[in-house]
Structures are given as structure tokens and as C-alpha cells.
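Number of protein chains: 4
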Amino acid sequence: MIKQNTLLFTMALSFLFMAMTKDEVVKVVLFGDSITQAGVQPGGYITKMKEALAKQGIKDKYQLIGAGIGGNKVYDLYLRLEEDVLEQKPNIVVIYVGVNDVWHKTSHQTGTDPDKFEKFYVALVKKFQTNGIKVICCTPAVIGERTDHSNQQDGDLNHYSNMIRNVAAKYDCPVADLRKEFLAYNLKNNPKNQESGILTTDRVHLNDVGNQLVADLLLKMIAK
Amino acid sequence: MIKQNTLLFTMALSFLFMAMTKDEVVKVVLFGDSITQAGVQPGGYITKMKEALAKQGIKDKYQLIGAGIGGNKVYDLYLRLEEDVLEQKPNIVVIYVGVNDVWHKTSHQTGTDPDKFEKFYVALVKKFQTNGIKVICCTPAVIGERTDHSNQQDGDLNHYSNMIRNVAAKYDCPVADLRKEFLAYNLKNNPKNQESGILTTDRVHLNDVGNQLVADLLLKMIAK
Amino acid sequence: MIKQNTLLFTMALSFLFMAMTKDEVVKVVLFGDSITQAGVQPGGYITKMKEALAKQGIKDKYQLIGAGIGGNKVYDLYLRLEEDVLEQKPNIVVIYVGVNDVWHKTSHQTGTDPDKFEKFYVALVKKFQTNGIKVICCTPAVIGERTDHSNQQDGDLNHYSNMIRNVAAKYDCPVADLRKEFLAYNLKNNPKNQESGILTTDRVHLNDVGNQLVADLLLKMIAK
Amino acid sequence: MIKQNTLLFTMALSFLFMAMTKDEVVKVVLFGDSITQAGVQPGGYITKMKEALAKQGIKDKYQLIGAGIGGNKVYDLYLRLEEDVLEQKPNIVVIYVGVNDVWHKTSHQTGTDPDKFEKFYVALVKKFQTNGIKVICCTPAVIGERTDHSNQQDGDLNHYSNMIRNVAAKYDCPVADLRKEFLAYNLKNNPKNQESGILTTDRVHLNDVGNQLVADLLLKMIAK
Chain A
1 MIKQNTLLFT MALSFLFMAM TKDEVVKVVL FGDSITQAGV QPGGYITKMK
51 EALAKQGIKD KYQLIGAGIG GNKVYDLYLR LEEDVLEQKP NIVVIYVGVN
101 DVWHKTSHQT GTDPDKFEKF YVALVKKFQT NGIKVICCTP AVIGERTDHS
151 NQQDGDLNHY SNMIRNVAAK YDCPVADLRK EFLAYNLKNN PKNQESGILT
201 TDRVHLNDVG NQLVADLLLK MIAK
Chain B
225 MIKQNTLLFT MALSFLFMAM TKDEVVKVVL FGDSITQAGV QPGGYITKMK
275 EALAKQGIKD KYQLIGAGIG GNKVYDLYLR LEEDVLEQKP NIVVIYVGVN
325 DVWHKTSHQT GTDPDKFEKF YVALVKKFQT NGIKVICCTP AVIGERTDHS
375 NQQDGDLNHY SNMIRNVAAK YDCPVADLRK EFLAYNLKNN PKNQESGILT
425 TDRVHLNDVG NQLVADLLLK MIAK
Chain C
449 MIKQNTLLFT MALSFLFMAM TKDEVVKVVL FGDSITQAGV QPGGYITKMK
499 EALAKQGIKD KYQLIGAGIG GNKVYDLYLR LEEDVLEQKP NIVVIYVGVN
549 DVWHKTSHQT GTDPDKFEKF YVALVKKFQT NGIKVICCTP AVIGERTDHS
599 NQQDGDLNHY SNMIRNVAAK YDCPVADLRK EFLAYNLKNN PKNQESGILT
649 TDRVHLNDVG NQLVADLLLK MIAK
Chain D
673 MIKQNTLLFT MALSFLFMAM TKDEVVKVVL FGDSITQAGV QPGGYITKMK
723 EALAKQGIKD KYQLIGAGIG GNKVYDLYLR LEEDVLEQKP NIVVIYVGVN
773 DVWHKTSHQT GTDPDKFEKF YVALVKKFQT NGIKVICCTP AVIGERTDHS
823 NQQDGDLNHY SNMIRNVAAK YDCPVADLRK EFLAYNLKNN PKNQESGILT
873 TDRVHLNDVG NQLVADLLLK MIAK
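Sequences listed follow chains A, B, C and D, in order. The working numbering puts the first sequence at residues 1 to 224. The working numbering puts the second sequence at residues 225 to 448. The working numbering puts the third sequence at residues 449 to 672. The working numbering puts the fourth sequence at residues 673 to 896.
No more than 27 angstroms apart at the CA atoms, straight line, and that leaves these computed lysine-lysine pairs for DSSO-like:
1. Lys412(B) <-> Lys852(D)
2. Lys89(A) <-> Lys350(B)
3. Lys575(C) <-> Lys798(D)
4. Lys761(D) <-> Lys575(C)
5. Lys537(C) <-> Lys799(D)
6. Lys313(B) <-> Lys127(A)
7. Lys791(D) <-> Lys537(C)
8. Lys126(A) <-> Lys343(B)
9. Lys119(A) <-> Lys640(C)
10. Lys892(D) <-> Lys699(D)
11. Lys350(B) <-> Lys126(A)
12. Lys89(A) <-> Lys351(B)
13. Lys350(B) <-> Lys313(B)
14. Lys351(B) <-> Lys126(A)
15. Lys864(D) <-> Lys404(B)
16. Lys567(C) <-> Lys791(D)
17. Lys180(A) <-> Lys640(C)
18. Lys799(D) <-> Lys574(C)
19. Lys394(B) <-> Lys864(D)
20. Lys180(A) <-> Lys628(C)
Read the hints as simulated data drawn from the structure, not as lab findings.
Use the sequences and the hints to build the structure in full.
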């Protein structure tokens with residue numbers, strides 16, 4: 001009888017501990033395209049976030065899950081939201097999408113119309129919020145780093161970023177405004193008006209400085 | 225006591241009758257783009273199907289529901305499949321999509337990549353079949369009616385039609401092969417190699433003959 | 449003898465007068481696309497220039513010839529430069545091109561690559577200068593009048609305008625910087641960030657205010 | 673006196689010889705894009721033509737000049753026709769262009785509109801014929817070797833080939849109908865409906881068999 005009680009007590013404690021531990025861990029899915037897919041590599045922005053958390057001694061409080069697939073646009077995220085986000089039961093999802101929706105217009109004629117972009121983006125946000133997941137929105141950073149507004153897709157990136165900001169405001173989501181931050185950084189650090197090499201390797205994908213900038217910005221928003 | 229029995233009997237009969245009636249009605253959702261949106265108009269292919277059923281005296285056996293929205297591509301169907309198909313609880317769904325997935329590449333730079341097209345198409349078919357709905361697939365008919373393979377999108381329409389035929393074969397869906405039928409009709413009836421005016425008004429949307437051709441073909445597949 | 453002398457004297461005078469008259473008339477070809485084609489219509493910028501010259505009482509000192517054809521890009525100008533400019537033997541040619549080179553990328557997939565644009569533009573300038581014709585260059589004004597850099601083609605228009613400014617500087621041509629002037633005007637007069645209606649009717653073609661702005665700017669450069 | 677006569681006689685003989693030699697040499701400029709640029713490399717179609725002439729012992733009767741530049745479209749040929757063709761004073765020019773006019777629509781949004789293609793093509797033909805140069809026209813062979821008409825650009829390549837055939841007929845130019853020949857060859861030799869590897873390395877540029885096919889066809893038309 002005593003043994004059994006002890007066992008039950010131990011089990012209860014374990015469950016309690018597990019529950020507390022579980023409560024304390026903030027689970028974050030980073031949901032995006034090739035930039036996020038690269039984010040989990042050594043030097044990637046998700047890897048850098050984990051390293052920063054480790055340094056601060058709070059790495060056990062956060063579980064960061066990269067869910068990026070190269071070439072993804074907003075509707076590709078919608079197609080795989082159940083499996084790659086909802087089933088993970090995260091506390092937070094970071095939506096980092098939009099570059100391919102604009103870029104593939106010119107590279108493959110398969111970009112996303114602005115009205116469709118907004119419709120799918122809203123659908124994503126609502127699905128996540130309905131499931132009790134906090135949504136953080138990111139604006140697409142750059143396709144080309146020239147600072148004089150002469151990158152071919154600048155107009156569209158600004159337009160799609162405006163849409164994201166508006167949706168985020170309407171649905172009360174914080175915004176990691178990468179488009180704004182990248183331009184500000186380049187205005188200071190790209191005096192020769194280069195197309196790449198400041199925050200990107202190839203006008204789109206992040207170099208080490210770019211990964212660091214994104215990691216710092218997202219970490220501030222997640223871990224506070 | 226007798227009265228109560230009679231009442232119960234009558235109710236039972238009524239329910240039986242309703243059940244039988246319900247069983248006998250075949251509910252069909254026609255799921256597509258502007259061609260299907262126009263299909264419910266006077267002279268449209270869905271209207272023509274209804275008229276043909278009425279002539280045969282079996283119009284009560286079929287309920288045809290048009291669910292076409294202009295500009296829709298395969299992923300737009302995916303976004304609205306719950307509301308516009310599943311909630312209707314149809315017996316059959318006819319998927320008639322693909323023209324905009326190809327056409328919008330050149331008109332808006334927002335077409336659908338072949339691999340994405342196939343992925344979303346398969347996702348649609350599986351969702352419907354999982355819900356016990358029989359799926360009929362249509363190939364996209366034409367963007368231009370020239371018969372010498374010189375319409376700009378001929379290559380892509382053939383490619384996407386091949387994908388649809390393959391998916392249909394794999395998932396055991398009958399195919400209304402509009403692409404094949406339209407070319408066959410034009411080879412006989414378009415001796416001047418015109419771009420439009422034989423089965424379409426504007427290279428894409430159906431004229432009266434085109435609507436009749438689609439109505440006849442689909443009716444044969446649904447009502448047998 | 450006297451008669452003959454008189455005749456000769458009269459002829460000489462006539463020729464002198466013709467020569468003087470000819471010397472005094474400045475012949476200007478305005479070489480461009482649909483914007484320039486519309487420029488010769490009532491209310492068009494070329495018509496407005498003529499009206500302004502008339503008001504100043506110097507309309508006989510300038511001959512303005514509109515040579516705009518809808519849909520023209522830089523290489524279309526090159527194809528017709530002999531007939532439409534050189535054969536006119538003008539003193540000045542105003543090159544007003546670039547909108548379609550950018551715009552037709554998205555509307556027809558038939559825009560002009562930046563390097564080709566520059567190559568043909570330089571070829572035009574050299575042909576004209578070799579033939580003793582003064583060249584005035586215009587930057588392409590707008591495709592969309594939003595002032596927050598979110599018009600789809602803003603990046604490309606800025607890029608192509610930079611190329612024109614550089615070519616003009618290299619070949620010593622004055623620049624009518626319409627791109628800069630239109631943005632400046634919109635920043636003051638387009639508080640609602642509208643796409644059209646301030647200087648254009650449809651995001652591209654000039655309304656009355658737009659025609660006036662272009663007329664004023666070009667007149668200042670030609671008639672000084 | 674005798675010495676002088678001898679000298680004059682020798683000079684006269686030399687000039688006669690040069691004149692005869694010159695008369696007998698047929699000078700051919702092959703005017704095109706990257707396919708023709710590669711044609712002068714070892715294994716290229718122009719190199720193969722030279723080797724075949726050498727084998728037949730008539731290599732001195734023909735001078736083949738490759739004038740291909742990667743990425744060229746019909747208007748790029750027009751820009752450099754003076755320097756690269758007229759100044760060479762050839763007897764024959766082979767115009768081999770059209771692939772990029774179609775292909776760059778999808779790869780760079782900078783293809784060539786059909787009506788512009790025809791206009792520049794006609795301008796080329798007329799310039800050459802006016803200068804007494806015989807023109808041989810080629811249709812663009814392939815962008816993708818699938819034989820079931822499902823290569824994305826098949827429709828456009830057929831359309832532009834039709835235009836070339838019509839211009840050639842109107843201006844009495846023989847046609848090297850590569851489009852037709854390549855399809856015929858693939859129908860026999862591409863049973864797996866592959867996209868490349870039969871006559872091309874990469875769907876567009878010629879492999880050894882493709883270079884041989886073009887060399888054989890053009891040689892028959894030039895050396896007869």
C-alpha cells in the first residue's frame with residue numbers, strides 16, 4: 001500500500017515536473033522559404049538564435065524549429081501548415097515569406113498576385129490564431145541591396161511589405177520589419193551602392209552579417 | 225394506440241421516401257474558374273446540362289452546382305475547397321482548372337509552376353476522395369484555337385494536360401479530355417486556322433458551340 | 449543690263465531672306481512612344497509647346513515635329529531613325545523613350561534588357577550627333593504615381609533613368625529629368641498616394657497637368 | 673625598259689590571279705546567336721562544314737565566317753549588320769535567329785513581340801538583298817526536344833517559324849527548316865520523349881549530332 005502510494009506520488013511529481021517544464025518551454029516554428037531552410041545550417045539565423053540563447057543560459061526555455069523549404073511562396077505555406085506547424089503545437093509561429101512571391105514573377109512567371117498574396121497571408125494568420133498560436137510577421141528583406149531604389153523588384157517588395165504590415169496591424173501581430181532594417185543597414189554600410197555582399201551573398205540569401213541581423217531582431221521579439 | 229401506430233407508420237414512410245429521394249438525387253459541384261462561372265449563365269455549359277436533363281425528364285435526379293470564380297488557379301480552388309465543395313456534400317466534383325495556371329504566366333507573371341500545379345491538384349483529389357466524393361478531372365481546353373500547334377501556350381497546355389491525365393490515372397478518376405476534344409473539333413471545323421470564333425469567343429471563353437460541346441461531354445460522364 | 453542686274457539683285461535678296469529665315473527656324477523632332485504620339489493631339493504636350501510659343505510671339509522661330517509611335521521601345525526608334533529623324537534634318541532631337549522597355553517586361557514579356565537598352569540608346573545619340581543634331585534626353589516619367597516607392601516598376605524605372613543620365617553626361621546631352629520632376633510634383637500633390645490621376649490618366653499616359661509639366665520643361669530647354 | 677615591262681606583266685598576272693581567285697571564292701557569313709557563336713568552336717557546325725569542304729577538296733572555294741553572339745535577338749543582328757555583314761562583302765548570309773526572341777520572354781521578360789520580330793527580320797533581308805547578298809533563312813530549331821508538343825515554347829517557336837517561312841517565301845530566300853528537321857529527327861530517335869540529349873545538350877544548344885545535322889543541311893544549300 002505504501003509502495004503503491006509512493007509510486008503514484010513519484011509519478012504525479014514526474015508529470016507535474018514534465019508539465020512545468022513543458023509550460024516553461026516556448027516552442028517557436030520559423031515558417032518560410034530557402035532563407036529559413038538555410039537558417040538551420042551552421043551560421044544560419046536560427047542556429048545563431050540558438051547560440052545566443054545558450055550564451056544567455058536560457059537555451060532550455062526555447063525550442064526553435066526551422067520549417068523552411070526552398071522556393072516556397074505564401075500558398076505553399078498554406079498547403080503544408082497542418083503538418084509543419086499545427087501538428088507541432090507551437091506557442092509562436094514566425095511567418096517569413098514573400099521574396100519568391102515577387103521574385104518568381106520575373107524568374108519563372110509564377111509569382112503571386114498581390115490580392116492572392118494578401119488572401120493567403122490572412123488565411124495563414126487566422127488559422128494560427130484560431131489554434132492559439134501567436135503570429136510574428138516578417139517583411140521580405142531584399143532582392144538586391146542597392147540603396148537608390150533601383151533594384152528591379154524594389155517597387156513590388158515595398159508593395160507586398162505594405163500589405164504584410166497592414167495585415168499584421170489588423171490582426172495584432174508584431175512585425176519583424178526586415179525590409180526596413182535591411183535598407184537602414186545598407187544606407188550606412190553600402191556606400192558603393194552594390195547589389196550584394198553587404199547582407200546577402202547573391203542579392204537574396206543571407207551572408208553572415210545578414211543572418212546575424214535577422215537573428216538579433218527575431219530574438220528580441222521572441223525572448224522578452 | 226392505433227392512431228399512434230398509424231402516425232409512426234406514416235412518419236416512417238415519409239422518412240423512407242425522403243431517404244429514397246435523397247439517395248436518388250446526384251449532387252454535382254462543378255469547381256473551376258471563369259469558364260465555369262459563366263457556365264451557370266443562360267447559354268452556359270451548366271445551364272445547357274440542366275436543360276438536357278429536363279428534356280430527358282430526369283432533372284430531379286441531378287443537382288448541378290456551379291462553383292466557378294474568375295481568375296482561379298489550382299491553389300485558389302484549394303483555398304476554398306471546404307466551403308465551396310466539402311460543405312455542399314456532393315456525390316461528384318468536376319475539377320475544371322488549368323487555363324489560368326498557364327495563361328497568367330504571360331499575362332501577369334503569376335502562373336503556377338508545373339510541380340506546384342501537380343502537388344495542389346493531387347491534394348484536391350485526395351481531399352475529395354477521402355470525403356467520399358467521386359472526382360472527374362477536365363483537361364484545360366484551349367488558349368487560342370489555331371490547329372497547327374502555333375498558339376503561344378500550346379506547349380504548356382499540353383504539358384499540364386499530361387499531368388492531369390497522369391494524376392487522374394493514378395487516382396482512378398475519369399477524365400473529360402477537353403484539350404483533346406477541342407483540338408479534334410477544330411481540326412474538322414477550323415480550316416482557316418483562326419485563333420478564336422470556333423469554340424471560343426476570345427481564344428479562351430466558350431461560345432455557344434463550345435458550351436454545348438462541354439455540356440454534352442460532361443453529361444455523358446455524370447449521367448450514366 | 450540694268451534689268452538683269454535688278455533681277456539678280458532681287459534673286460540674291462530672296463535667297464538671303466530664305467537663308468535667314470531658314471537659319472532662324474529651329475527644327476525639333478520629338479522622338480518617342482505613345483506619350484509623344486498623343487503629344488500632337490489637342491491638349492498634348494507638343495500642342496501646348498506650340499501654343500506657348502505662339503503666345504510669346506515666336507512661333508515662327510520653332511518647328512516642332514512629333515514623331516511618336518505607340519508601343520515603341522529604344523530599338524524601334526533605332527529602326528526608324530533615318531526616315532523619321534535624319535531625313536527631317538532637324539536641329540534638335542528630343543529622345544523620350546523607356547517606359548515600354550520596362551513596362552512590356554510585365555505586360556508582354558518583351559521588355560528590353562538593361563545592357564541592350566543602353567547599347568541602342570548610345571547608338572541613337574551617336575547617330576544624331578554625327579549628323580550634327582543636338583540631342584536632348586528625357587528620363588521615363590512614371591508607371592504608377594504612388595510616392596512611397598511601391599509601384600511595381602519603380603526599381604526598373606530608376607535603374608533605366610540612371611542609365612539615361614549616365615549616357616547623357618558622357619555624350620554631353622542636356623536631360624529633361626521627367627522621372628525626378630514627376631516624383632517631386634507627386635510628393636507635393638498626391639497626399640493620398642494614388643496610382644494615377646495626378647499627372648497621368650492611367651498610371652502612364654499624361655493628363656492635362658502632366659502634359660503641361662512636360663511642355664514647360666521641354667520648352668525651357670529648347671527655347672533659350 | 674624590259675625590266676619595267678616584266679614588272680608590269682607580273683603585277684597584271686597577280687591581279688588577274690587575285691581577281692579569279694576572288695571570283696571563285698564564295699564568302700558566307702553565318703549570322704546568329706550563341707548557337708552560331710559555338711559553331712566556330714571545335715565540333716561546332718561551322719567547323720564541321722569547313723571539315724566537310726576540306727574532305728571534298730573544295731575548301732578554298734568557300735570562306736565561312738561565323739558571326740554569332742550569345743543572347744542575340746533579331747534586333748541585335750540589325751544593330752550590327754553593317755560592321756559584321758555588309759563590311760565583309762559576303763556572297764551569302766545565313767540568318768539563324770529566333771530562339772532568344774522566344775526564350776527570353778520567359779527567362780528575362782525581354783523576348784521580341786511577333787510583329788516586331790517580323791518587321792526587323794524583313795528589314796534584315798531587304799538590307800542584305802539591296803547589297804546584292806543572297807539570304808538563306810533558318811527556322812529556330814528547339815527549346816526542348818519532347819516530341820509530343822509539350823515543350824513550353826513549342827507554340828511560339830512554331831509561330832515564329834511560320835513567320836520566317838512566310839518572309840522567306842515573299843523575298844525568295846531558301847529556308848533551312850531546322851525546326852522541321854529537328855522534330856523529324858526526334859520523332860525517330862527520341863522514343864522516351866526526353867527534353868534534351870538527342871540533338872542538344874541543354875534543350876537549346878547543339879550536341880555533336882545536332883551540329884552535324886545543321887552542318888549537313890546548310891552545306892547542301894550553300895555548296896551546290
